[in-house]
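Quick mapping for you: the protein sequence lines, in order, are chains A and B. Heads up, the first sequence stops at 118 in the numbering used here, and the numbers go up one at a time, no gaps. Heads up, the second sequence stops at 273 in the numbering used here, and the numbers go up one at a time, no gaps.
Mixed in with the good hints, there may be bad ones.
Said to hold, decoys possible - Restraint-style ranges between C-beta atoms, simulated for each label pair:
#, chain 1, residue 1, chain 2, residue 2, range
1, B, 233, A, 66, 15 to 25 Å
2, B, 225, A, 44, 25 to 35 Å
3, A, 12, B, 196, 12 to 22 Å
4, B, 230, A, 75, 38 to 48 Å
5, A, 59, B, 174, 24 to 34 Å
6, B, 165, A, 75, 43 to 53 Å
7, B, 213, A, 117, 32 to 42 Å
8, B, 174, A, 100, 39 to 49 Å
9, A, 25, B, 172, 39 to 49 Å
In short, the hints are calculated from the structure, not lab data. Keep in mind it's a predicted model, so treat the numbers as computed, not measured. Glycine included, every Cβ here is placed at the ideal spot set by N, Cα and C.
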Amino acid sequence: ILNVEQSPQSLHVQEGDSTNFTCSFPSSNFYALHWYRWETAKSPEALFVMTLNGDEKKKGRISATLNTKEGYSYLYIKGSQPEDSATYLCAFLRKAGANNLFFGTGTRLTVIP
Amino acid sequence: DAGVIQSPRHEVTEMGQEVTLRCKPISGHDYLFWYRQTMMRGLELLIYFNNNVPIDDSGMPEDRFSAKMPNASFSTLKIQPSEPRDSAVYFCASSGRRTSGTYEQYFGPGTRLTVT
Chain A
6 ILNVEQSPQS LHVQEGDSTN FTCSFPSSNF YALHWYRWET AKSPEALFVM
56 TLNGDEKKKG RISATLNTKE GYSYLYIKGS QPEDSATYLC AFLRKAGANN
106 LFFGTGTRLT VIP
Chain B
158 DAGVIQSPRH EVTEMGQEVT LRCKPISGHD YLFWYRQTMM RGLELLIYFN
208 NNVPIDDSGM PEDRFSAKMP NASFSTLKIQ PSEPRDSAVY FCASSGRRTS
258 GTYEQYFGPG TRLTVT
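All chains should be modelled from the sequences, with the hints used to inform the complete structure.
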């Protein structure tokens, strides 16, 4: 079992605040790092997939960075809105040969209006 | 595309009964995953298939759980006999060929199972 850790476990921010959280993963045997957004009572939806060290992806107010050498990724949300409230999961994919993702336990974000 | 389809959406059953959960992956996807979501363990992988063949079932909790994929468009997860501790949301997900480059997984809406 691979160790994928996310911090913090939960986070409350005021509407309009910017925030970020961390995913750490093994730096060896790396293939890709996924971020998923999981709203309550729904199913996880892919936000980003990153494969290269230094990758930076952006979707609206949400962006993510990747450092494969040290084994971490940051997810940033600029100007949080109540609709950003969700659990954000990261998942690690090993090199060729296996296609199962190792998920972290997620960061639960609540944006207070 | 209809996305990943799961049925039923909700299942309430009594302890000892057999439960069958169903999944239809996205057409053209060759990987299918079964996950279980619990408060204690978050999202845990139970089993996954590649081209209808089970690749890794090490996450299946015990012999009461079994999964099949008879063809590329259908999979089942069966619990027999069911126990109250099996109560959870069960997700099915599918993803495309490794050569597609992203391997992101598309999740179904989940089946909420309650065993009384």
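Given a hint of 39 to 49 Å, does the C-beta separation of residue 25 of chain A and residue 172 of chain B actually sit inside it?
Between residue 25 of chain A and residue 172 of chain B, where Cβ atoms are some 45 Å apart, the hint holds.
Do residue 225 of chain B and residue 44 of chain A keep their Cβ atoms within the hinted range of 25 to 35 Å?
Given range 25 to 35 Å: holds, Cβ gap about 31 Å.
Taking the CB of residue 230 of chain B and the CB of residue 75 of chain A, does the distance hold inside 38 to 48 Å?
Given a distance of about 42 Å, which is inside 38 to 48 Å, the answer is holds.
Range hint 15 to 25 Å: satisfied by the CB atoms of residue 233 of chain B and residue 66 of chain A?
40 Å, violated
43 to 53 Å as the expected CB spacing between residue 75 of chain A and residue 165 of chain B, which holds or is violated
Holds, at about 45 Å.
Between residue 213 of chain B and residue 117 of chain A, does the C-beta distance stay in 32 to 42 Å?
At 41 Å between Cβs, range holds.
Within 12 to 22 Å: is that where the Cβ-Cβ distance between residue 12 of chain A and residue 196 of chain B falls?
19 Å, holds
Quick check on a hinted range of 24 to 34 Å for residue 59 of chain A and residue 174 of chain B, using CB atoms only.
53 Å, violated
With 39 to 49 Å as the target window, see if residue 174 of chain B and residue 100 of chain A comply at their CB atoms.
42 Å, holds
Violated hints, in rising order: 1 and 5; the structure is consistent with all others.
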